[in-house]
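S.K.: Given next are the chains, with one letter for each unit.
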Amino acid sequence: NAGVTQTPKFQVLKTGQSMTLQCAQDMNHEYMSWYRQDPGMGLRLIHYSVGAGITDQGEVPNGYNVSRSTTEDFPLRLLSAAPSQTSVYFCASRLTGRKVNTEAFFGQGTRLTVV
Amino acid sequence: AQRVTQPEKLLSVFKGAPVELKCNYSYSGSPELFWYVQYSRQRLQLLLRHISRESIKGFTADLNKGETSFHLKKPFAQEEDSAMYYCALRDNAGNMLTFGGGTRLMVKP
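Sequences listed follow chains A and B, in order. For the first sequence, our numbering gives the first residue as 52, with consecutive numbering after it. For the second sequence, our numbering gives the first residue as 173, with consecutive numbering after it.
Some hints could be false.
[Said to hold, decoys possible] Now the stretches of chain B that chain A is said to cover, found in silico as 3 or more residues with beta-carbon under 8 Å: (1) 185-199; (2) 272-279.
[As the list claims (entries may be wrong)] The following residues of chain B were derived to be distant from chain A, with all beta-carbon distances above 12 Å: (3) GLU204; (4) GLU239; (5) SER241.
Honestly, the hints are just simulated from the structure, not real lab data. All C-beta atoms, glycine included, are put in the ideal place defined by N, C-alpha and C.
When you get a sec, could you build the whole thing from the sequences and use the hints?
M.R.: Following this line, the structure appears as structure tokens:
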């Protein structure tokens with residue numbers, strides 16, 4: 052059971068480059084989300100999706116785009132990378148709403164450095 | 173807007189000492205609160221949730237609505253408890269999961 056899989060694990064980008072962070076889950080979870088983790092600031096929500104075809108902004112959406120064409124995949128796109136986007140990115144998935152056992156499952160993270 | 177505050181970035185205790193990791197929240201509705209833990213080189217995982225009123229690995233947390241707190245406690249810390257701990261709040265719709273800044277717990281031998 053793979054759970055939540057993120058690729059790549061590490062990435063270095065030059066300022067202005069674009070890239071896509073991949074996230075896939077095999078638990079048939081409706082809800083998927085992206086967070087960034089920065090020292091002293093915890094995890095901040097970038098974007099989330101409550102199901103295929105539905106996305107919404109979180110706390111820090113600027114500079115990032117997402118799409119949800121399938122239940123399994125939730126890619127995060129950086130259109131023009133900036134040094135301020137240097138961070139560790141986590142994808143998470145869970146069942147939606149207030150169902151019992153709506154534990155969030157996290158990927159292993161992607162460490163992104165923008166130079 | 174919902175907010176979670178963990179006032180301590182680092183908490184260092186000796187093995188066998190009691191531990192309390194503080195968490196305060198602000199939310200207009202009825203919150204669902206969680207503690208997540210991240211051990212070294214492992215992914216973030218759920219430790220416990222207030223709705224279950226459970227004890228996991230000796231840790232407990234009680235929701236105090238009057239003080240808007242959800243502090244994590246353990247009577248006798250172990251070295252393997254050393255990790256990063258995050259308090260999190262979920263909104264009424266069950267969509268937004270908001271995390272605090274995290275507290276790094278170091279348990280010294």
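S.K.: Can you tell me if the region 185-199 of chain B counts as covered by chain A, using C-beta to C-beta distances under 8 Å and a minimum of three residues?
M.R.: As far as the region 185-199 of chain B goes, the hint is violated, because 0 residues have Cβ atoms under 8 Å from chain A.
S.K.: Would the least Cβ to Cβ distance between GLU204 (chain B) and chain A come out above 12 Å?
M.R.: 7 Å, violated
S.K.: Confirm or reject the statement that GLU239 (chain B) sits farther than 12 Å, beta carbon to beta carbon, from all of chain A.
M.R.: Holds, since 21 Å exceeds 12 Å.
S.K.: Once the closest CB in chain A is found, is it more than 12 Å from SER241 (chain B)?
M.R.: For SER241 (chain B), whose nearest Cβ neighbour in chain A is about 17 Å away, the distance exceeds 12 Å, so it holds.
S.K.: Are there at least three residues in the region 272-279 of chain B whose beta carbon sits under 8 Å from a beta carbon of chain A?
M.R.: Since 3 is at least three, the answer is holds.
Checked against the numbered hints listed earlier, the structure breaks hints 1, 3; every other hint is satisfied.
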